[in-house]
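*Asks:* Residues per chain are reported as follows:
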Amino acid sequence: MAELGAILDIADRRREADQPHSLIVRFPANNPLRLDAGIDFGPLQIAYQTYGTLNSERSNAVLVCHALTGDQHVVNDHPLTGKPGWWETMVGPGRPIDTDRYFVICSNVVGGCMGSSGPASTDPATGLPWGLDFPVITVRDMVRAQAMLLDYLGIDSLFAVAGGSMGGMQALQWAASYPQRVFAALPIAAATRHSAQNIAFHEVGRQAVMADPDWRGGRYFAESTNPRRGLAVARMGAHITYLSDAALHRKFGRRFQDRDNPTFSFDADFQVESYLRHQGITFVERFDANSYLYLTRAMDYFDLAADYDGVVANAFLGTPTRFCVISFTSDWLFPTQESRAIVHALNAAGARVSFAEITTDKGHDAFLLDEPELFAIVSGFLDGAARARGLPPPRR
Amino acid sequence: MLMRLKHDLTMAEAARGPGGSRVDLLVVADMVEPGARVLDVGCGDGELLRLLESRGVDGRGIELSREGVNECVAKGLAVVQGDADTDLENYPDDAFDFVILSQTLQATRQPRVVLEHMLRIGRNAIVSFPNFGHWRIRRQIAFGGHMPRTENLPYAWYETPNIHFCSIKDFRLLCQVSGAKIEEAVALNAWGRRMRLKMPWWFWNLFGEQAVFLLSRRG
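One line per chain: the protein sequences are A and B, in this order.
One point on numbering: in my numbering, the residue at position 295 of the first sequence is 295, and numbering is uninterrupted.
One point on numbering: in my numbering, the residue at position 90 of the second sequence is 90, and numbering is uninterrupted.
Bound conformation, chain A alone (with noise of 0.2 Å):
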């Protein structure tokens, strides 16, 4: 019974990749998407979400950017596991990023795997799936991606756009590459670079994965196997980064699950150890393994100031962009010195930037939970801007 849940999980999935439950759009193989490898890529599949409405002067559009595990669906049911949006805090009417007022669009990120071209994706040479002859993409090749969505959509020019973490470096990516295009970026708990610190917890969690004999050395869709066990691992080794200290002893403890007293086994005896299980589980759900190899590289090779002489502030000279940073005080996987990074930069650019470490204990996982002081700013900075874009005030 298991084995078949197993498989038509797979089917499911691979549908995902291919078909997914979201607005696609396919560009055909003579208007490529030029990666960062070298490659002209084509054809290529987005698929995205969008919520309000685009107003006549096309100058209301927010994209969000996700993070490595996000996807497209900031604000709707999750369609393989029913689950509330990620951002259901965040976007929305009456929230910060109001969809009574603005155009919300988010897109899968190319080598994702919820409906855009990835290592999930059919291969159309093969009619299989592309598995590790995928080729390797970097978030500027995500942020490429999404600028020819815009143009599909006839969007010059963004009001906004917001992500954390790797969406926040999506952010970063955008005003940089398309300054003319941003009118206001909002990098949440992110980085000019991906630290070697993080590059290593990175490593941890492929080497987990392609440890897993199911892996198949990527093949595991033709094999009829899933990574499952060793996906699982990385997840819960990445969660434990997401989170902070003092959360998880606020949260768990030292307290057991489900019982008095230890075991002397190697069950999970402690709540977080059972928490983390659960983690670990939910996410194979939901996830391709390949995908998580491909989006962690890509985070990997983030480092801004490479592509400008080493020197982060050459990226936004003279940028017409409004930037609100924003840190957590018990982020320690992008902590407030790398956000503090990039003011310093954007200061040296002479840009208009805002910046604000927000107290909490949640870590980084703070961007995603309900912080009321998060939402104050975001909603702050986004009026301003609007008001600075000519955008009308809010109805209510």
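Only true hints are included.
Short, incomplete list of chain A residues facing chain B, as computed with Cβ under 8 Å:
no., residue
1, V343
2, N347
3, S354
4, A356
5, E357
Don't read these hints as lab results, they were simulated from the structure.
All of these numbers come straight from a predicted model, not from anything done at the bench.
C-beta: ideal position from N, C-alpha, C; glycine also.
Guided by the hints, dock chain B onto chain A, whose structure is given.
*Replies:* Leaving out everything else, chain B in the frame of chain A:
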């Protein structure tokens, strides 16, 4: 309207002008040219930046306290969390027309370094500070024998953030050693009123409770 305000304040409205703004901030704001690029170092809750932006100034701020920063950003102001003592060095030369240090000089660790950075970053610097040479303060030290506490400087010595007090006379010396040219100076009396111009410096130093200096780079 503003010209009238400067000279006709009654005592009752001394602390705040008709727009609700603090008079010392209005004095500072009047020194800024419309359309200028301004950096307000130690911008607090953003009151001066708001006043400046309402006059079409392109304003940015630095603020040490997290609450102050978050309040400013939520108001839509371009403010970053930072420290005057350590973060000014990250700004390039001539990035601003005016760099303002309002009621913050006395709380910096290295006032001279801060002032020199301000004059490097901006074409002009505007500094306002409480005058430690005011007669009430002198009286408290001379006859009370204790560190002074006033309405503007309410802290006890052991918990004050103000570690580098100076008088108007002292500040003029700082200008001299750090290569600042005094373009304009205004003293405010105990009621926040602008003091009559053309008074000798010693008079200002004795009766001015606050001072506002507009500086430029010498040479």
